[in-house]
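S.K.: Here is what each chain is made of, one letter per residue.
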Amino acid sequence: MIRRPKFWLGVALAIALGVYQVHNVLAYATTSYPNFAGVTTAVALKDVWVVNSTSWDAKVQSYTTNPVRNIGTIGWTWWTFRDTCNGVIIDNWVQPGSVRYGASNHWDVGVDDRDPCGGSYRGWSMGTHDFKEGDSIWRPYLETDEGI
Amino acid sequence: MRKKSVLLASVSLALLVGLVGTAVVWAQSGAEENHAVSWVRQVVLEPIRPGEQSSANAAQQAAVDAPIPVSVPPGRSEATDDQETIRQAIQTLVAQWSGTVRQGSGWLHMVTHHMRDKDRVSSLPNGQAIPLNYISETWYHLNDQGQAVEVIAFMRSEDGEPVQISTFRGNIWRNLTVGEKWGGEPFTPRLDLGFSADAAQAHGWGSTLSQQTVTLAGRTALRFTMRDEFGSPLLMEGYAQPVISAERRAYFDARSGALLLLERVLVTADGKERVVERVDPITIEYGAEPPAEVLAFLQQEVTK
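Listed in order, the protein sequences are those of chains A and B.
Position 14, counted from 1, in the first sequence is what the working numbering calls 1116; the numbers after and before it change by one each time, with no gaps.
Position 201, counted from 1, in the second sequence is what the working numbering calls 237; the numbers after and before it change by one each time, with no gaps.
A hint or two may mislead.
Partial pick of chain B residues on the chain A-facing surface, computed with a CB cut under 7 Å [what the hints assert, rightly or not]:
(1) 187
(2) 189
(3) 198
(4) 208
(5) 209
(6) 220
(7) 223
(8) 225
(9) 226
(10) 229
(11) 268
(12) 272
(13) 273
(14) 282
(15) 304
(16) 333
Think of the hints as simulated: they come from the structure by calculation, not from any bench.
For glycine and all other residues, C-beta sits at the position ideal for the given N, C-alpha and C.
Sequences and hints are given; from them, build the entire structure.
M.R.: As structure tokens, then:
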């Protein structure tokens, strides 16, 4: 049995650091389509985070991985980010669809201001992704929300 | 010698687990080809207009292994003593005031008047415009721990007409106006509309706190300011001009600690200061029961 305080301090630090990192991972929402069109893994991602007391960010991203591969169409058909205070929508920013052709990655980040709220204040990123390659089409709806 | 070994082992273990955590982050975000980087990359992006890609963004997308902003908060050094003193003053003031308002379980009723100044308004999914100026009326049903277990919230126009109604019951939020629902958890309402919670995070965000004694409508008030400076002009949705700095100001009654006014100010790239939101507390009362017609909304269901 190790009785050294510094050792256990190190262990505690390590666990805290690991949990902190994994916590950040959980802020993502992702869904993937392995072997999309038989050539790649298509990944849809949404994310929300607070920048500072003034603003928060919402992100949408479509990309390919394992292996990275340029595909016919990649992007999203629609994307919206909003903030809610106690279930009431304060801002609801609807963005047009956006795609790239012959690319492996497409993303965008929206910036919204933070409103004073006395209760549950949340930021949302929501919308339908768009992947096309040959005859293969994948259009998953994905959303995520975080306390902001 | 043995002490050094133990210390070395513990530090090594910390680094190892930290690296594993970081590796998980990278793996989860498609790290082989899409290298995740800190939020710092985000703030150096050029201003992005709605529906547009900035040149930095477009150039970034051209590269397969482009850095991608992720939700990793910035690391900061120790807070200075004066910042910590101000932060504690805010916490103490708000805690003192909240303690006098809330007393055990029951209903908390809050009404606030929001006056916003934006260049563009957004709309609800049903197409109705969300007003810039509105009245927020919220009924919180608190349990013994002071947590809201039921909520009825209204956004009203300034002439009192309901724009949106939402409820929280059985850990489900329901926006009755747009017909959407999602999961939630009991929470502690913040009488100061989240200012002290933000102040607690100011150091981590790189925000600067300051304090002044002022006179507001004939009352002595403590004005606390939280200031953000942006490394490069930032274009926020709904505003035509990029922003270079911003302030959030809260005015509290110097004696009771009650919130008197909240202001949000943006400084645009041309140097102009713009008050983009004022929030006036109208009613903050504890112990009053919601009218029957308000309570009835709790029973309404949505389909989505």
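S.K.: Looking back at the numbered hints, which does the structure fail to meet, lowest number first?
M.R.: 3, 4, 11, 15 and 16
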